[in-house]
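Colleague: Residue numbers (my numbering), protein chains in the order written: chain E, 1 to 228; chain F, 1 to 248; chain R, 1 to 278.
Take these hints with a grain of salt, some might be off.
Calculated pairs, DSSO-like style, for lysine-lysine (alpha carbon to alpha carbon, straight line, at most 27 Å) [to be verified]:
no.	chain 1	residue 1	chain 2	residue 2
1	R	K22	R	K278
2	R	K10	E	K121
3	E	K110	R	K10
4	E	K145	E	K191
5	E	K145	E	K227
6	R	K166	F	K39
7	F	K226	E	K205
8	F	K30	R	K54
9	F	K238	R	K30
10	F	K92	F	K105
11	E	K227	R	K22
12	E	K110	E	K56
13	E	K205	R	K30
14	F	K226	E	K56
15	E	K171	R	K13
16	R	K30	F	K5
Here are some chain R residues pointing at chain E (derived, C-beta under 8 Å) [claimed, not checked]:
no.	residue
17	V8
18	L81
19	I82
According to the in silico footprint, chain R covers these stretches of chain F (three or more CB under 8 Å from chain R) [said to hold, decoys possible]:
no.	region
20	7-21
21	77-89
22	129-136
Simulated from the structure, these hints should not be mistaken for laboratory data.
Here a beta-carbon is modelled for each residue, glycine too, at the ideal position from N, C-alpha and C.
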Amino acid sequence: MTVYFSQREMVVPGQLLARGMYRLGDNVYRVGQNIYAMKLGLAELKDNTISVIPLKECYMPNVGDLVIGLIIDIGITNWSVDIASPYTALLQVNDAFSKPIDPLREDLKKYFNVGDYIIAKVIAFDKTRDPLLSTKEPPCGKIEKGTVIEISPAKIPRLIGKRGSMISIIKRELDCQIVVGQNGRVWIFAKDPFYEEVAIKVIRKIEEEAHTTGLTDRVREIIRRLKG
Amino acid sequence: MIIRKEEKPIKLVDENGIRVDGRRVDEIRKLNIEVGVLKNADGSCYLELGRNRIIVAVYGPREVHPRHLSLPDRAILRCRYHMVPFSVLERKSPNPTRREIELSKVIREALEPAIFLENFPRTTIDIFIEVLQADGGTRTAGISAAAVALADAGIPMRDLVTAIAVGKADGHIILDLNDVEDKYGEADMPIAIMPNVGKITLLQADGVFTPEEFKTALNLANKGIKEVYTKQKEALRKRYLQIKEEVE
Amino acid sequence: MSKSEEIVPKLEKQKISALLSKGERLDGRKLYEYRPITIETDYIKKAEGSAIVKLGNTISIAGVKAEIGTPFSDTPNEGVLIVNTEFLPLASPTFEPGPPDENAIEIARIIDRGLRSSDALDRRRLAIIPGKRVWVIYVDVYVLNHDGNMIDASGIAVLSALLTTKIPVVKIVNDEIEISDEWVPLPMKDRPIPVTMAKIEDKILVDPNIREESVMDYRLTLTINEAENICAIQKGGGGGLSIDDLHQAIDIAIKASREIRKALPSIPDTQDIAYVVK
Chain E
1 MTVYFSQREM VVPGQLLARG MYRLGDNVYR VGQNIYAMKL GLAELKDNTI
51 SVIPLKECYM PNVGDLVIGL IIDIGITNWS VDIASPYTAL LQVNDAFSKP
101 IDPLREDLKK YFNVGDYIIA KVIAFDKTRD PLLSTKEPPC GKIEKGTVIE
151 ISPAKIPRLI GKRGSMISII KRELDCQIVV GQNGRVWIFA KDPFYEEVAI
201 KVIRKIEEEA HTTGLTDRVR EIIRRLKG
Chain F
1 MIIRKEEKPI KLVDENGIRV DGRRVDEIRK LNIEVGVLKN ADGSCYLELG
51 RNRIIVAVYG PREVHPRHLS LPDRAILRCR YHMVPFSVLE RKSPNPTRRE
101 IELSKVIREA LEPAIFLENF PRTTIDIFIE VLQADGGTRT AGISAAAVAL
151 ADAGIPMRDL VTAIAVGKAD GHIILDLNDV EDKYGEADMP IAIMPNVGKI
201 TLLQADGVFT PEEFKTALNL ANKGIKEVYT KQKEALRKRY LQIKEEVE
Chain R
1 MSKSEEIVPK LEKQKISALL SKGERLDGRK LYEYRPITIE TDYIKKAEGS
51 AIVKLGNTIS IAGVKAEIGT PFSDTPNEGV LIVNTEFLPL ASPTFEPGPP
101 DENAIEIARI IDRGLRSSDA LDRRRLAIIP GKRVWVIYVD VYVLNHDGNM
151 IDASGIAVLS ALLTTKIPVV KIVNDEIEIS DEWVPLPMKD RPIPVTMAKI
201 EDKILVDPNI REESVMDYRL TLTINEAENI CAIQKGGGGG LSIDDLHQAI
251 DIAIKASREI RKALPSIPDT QDIAYVVK
């Protein structure tokens, strides 16, 4: 069993990472005894598992994910939702609210209109059909105020932090509400518009520095500097 | 009436083995690769090889329109190779020529084996190659640049794809033909390889090779491929380090 | 990624409105401020002239090819100018490959109009043998990344390329043409600068970026020449403009063109493009 990279070394697709019976993590593939990288990113060996943390990634929906979507079309019994993924999602009328809606009597536009951002949960996805969403459970629903920004989905775990540690720091220090979508979209609302601006800057900084170490410690300092 | 013409040189390779632009038979031209130069594209690459100037954008995976073009079990790969009218000495019409259509196809087929298309059913991955200035070897340079752009886009790949052309001029087997050598030489063979997997994904030739010459040409191509692959890796790594430096 | 570029989120529209009422914009610019412009000329050596322009994140490249050909029958003593553009699928997730659509053609014609009205390229000085042989100047301009205001980015690229183009002097020997190896600039007389403005709610702003373009009522392009006169106008988009708007726009455009003019290459000294050898 041999490893051909140093921890967190930048690797390119096709690069030989290791030989032997390691477990396969994300973004690597095996041919016989050899394990190769599939994407440009940082190679890692942890708990006998080899993986590559990618520099860029597109969002592939997982059942249970919380996402922030943009309504792009209204059908007779559903809404089409852009979830920043190669696949457009569908929100069926029956999955939207706990109270039933009769689409023949009511105008779906009243509830969610084209151009509205919504917080939703992915309730079904397999590669043969479009992902299905639900907005029944909190915190799901229409976003009425605040700002929605987009960051690379690959950086979302870093933004949330271990057991939510990173995101809690931002929420506390800037007295704001934040919902992080697994699809790379983040909603921020602070009563103080200046703090909202700061929160946006901090999140972008975390996105830039996601691959560095000691980020959680530095974040408090970053916030303090931007607060002025 | 065209105002600038390149004259056919008396010799393509002189008695000291030096070519028209001062290179030896086994040298590639000056190669420069930059990653992530276009903001809208999911991945992009700008490449200079000698006087070639090529820019590539990758979009995808994304939805296919019209829907009936999509495949149920994998992504489709679409590729467009296009030269801008001012890329050559005699202005080229902006409309796609038969050559551009053929090159779009062989380039697509050179990149397809490297991509895990089955990861993204019912989508398309689009590759757009624009030649801003052409000086021989644009299809192989385009392939090398497209592979870098695909990696920049985070598209899962088995390997990068690296390409170069070898050929024959004045009886010598030469590496990386420029425009003049392409036009007036005796043979031209573009090759693309997945360097780690070790499989050839593009192979074309015109002109005549003896079996011996062919073997020599392949060896020379290997040397060229190694050099281009090193530059591809360097460029991709630099992209990451760029961000790291801004941080520190 | 499936992105819905045509749909502007309501939240963003609200933000643009709120900022505008304070005279501010999403990217921090003032209403009459252009994004940073960089111009690099002589970029493509196989072209007789070229320029690559970055206007914020919008990137446009123009190339000039010069050929000797026959004049149009209605202007036998003038050279020919042909401006062409198309939207490359490279530049935006919404561009599809194919022949130029109406928007691309409109841009080429706006740029052409500005050049023609201002006589920027002195086509009378491009006749070699009047009635028989003239210079035909092709300018092809392509947007490589679309982040709004492709008109101005492309117009500035075309202008910069023409101002730095060189053509060989032609010798006329016994009614036959010979190309010399002396190169001179194109005969240029003016620098018409397109200034594009957008109307959003009750405000006029210059150099709309792509987000602003998707919420604007209409756009208005005024092309301003060296003498600060208007030499071309194009209103685009579905909304309607008031006379007041128009007066305001003229003022704004003339002032905005001054900064851009400083960044442009200067008009080269005119030299003879042909001479007869006896």
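Colleague: Now tell me, hint by hint, if it's right for this structure.
Modeller: Right, here's what the structure says about each hint:
no. : hint              : result
1   : R/K22 <-> R/K278  : 71 Å, violated
2   : R/K10 <-> E/K121  : 21 Å, holds
3   : E/K110 <-> R/K10  : 14 Å, holds
4   : E/K145 <-> E/K191 : 10 Å, holds
5   : E/K145 <-> E/K227 : 22 Å, holds
6   : R/K166 <-> F/K39  : 32 Å, violated
7   : F/K226 <-> E/K205 : 37 Å, violated
8   : F/K30 <-> R/K54   : 26 Å, holds
9   : F/K238 <-> R/K30  : 35 Å, violated
10  : F/K92 <-> F/K105  : 20 Å, holds
11  : E/K227 <-> R/K22  : 22 Å, holds
12  : E/K110 <-> E/K56  : 37 Å, violated
13  : E/K205 <-> R/K30  : 25 Å, holds
14  : F/K226 <-> E/K56  : 26 Å, holds
15  : E/K171 <-> R/K13  : 26 Å, holds
16  : R/K30 <-> F/K5    : 50 Å, violated
17  : V8                : 7 Å, holds
18  : L81               : 43 Å, violated
19  : I82               : 40 Å, violated
20  : 7-21              : violated (count 0)
21  : 77-89             : holds (count 8)
22  : 129-136           : holds (count 5)
Of the numbered hints given earlier, the model fails hints 1, 6, 7, 9, 12, 16, 18, 19 and 20; all others are met.
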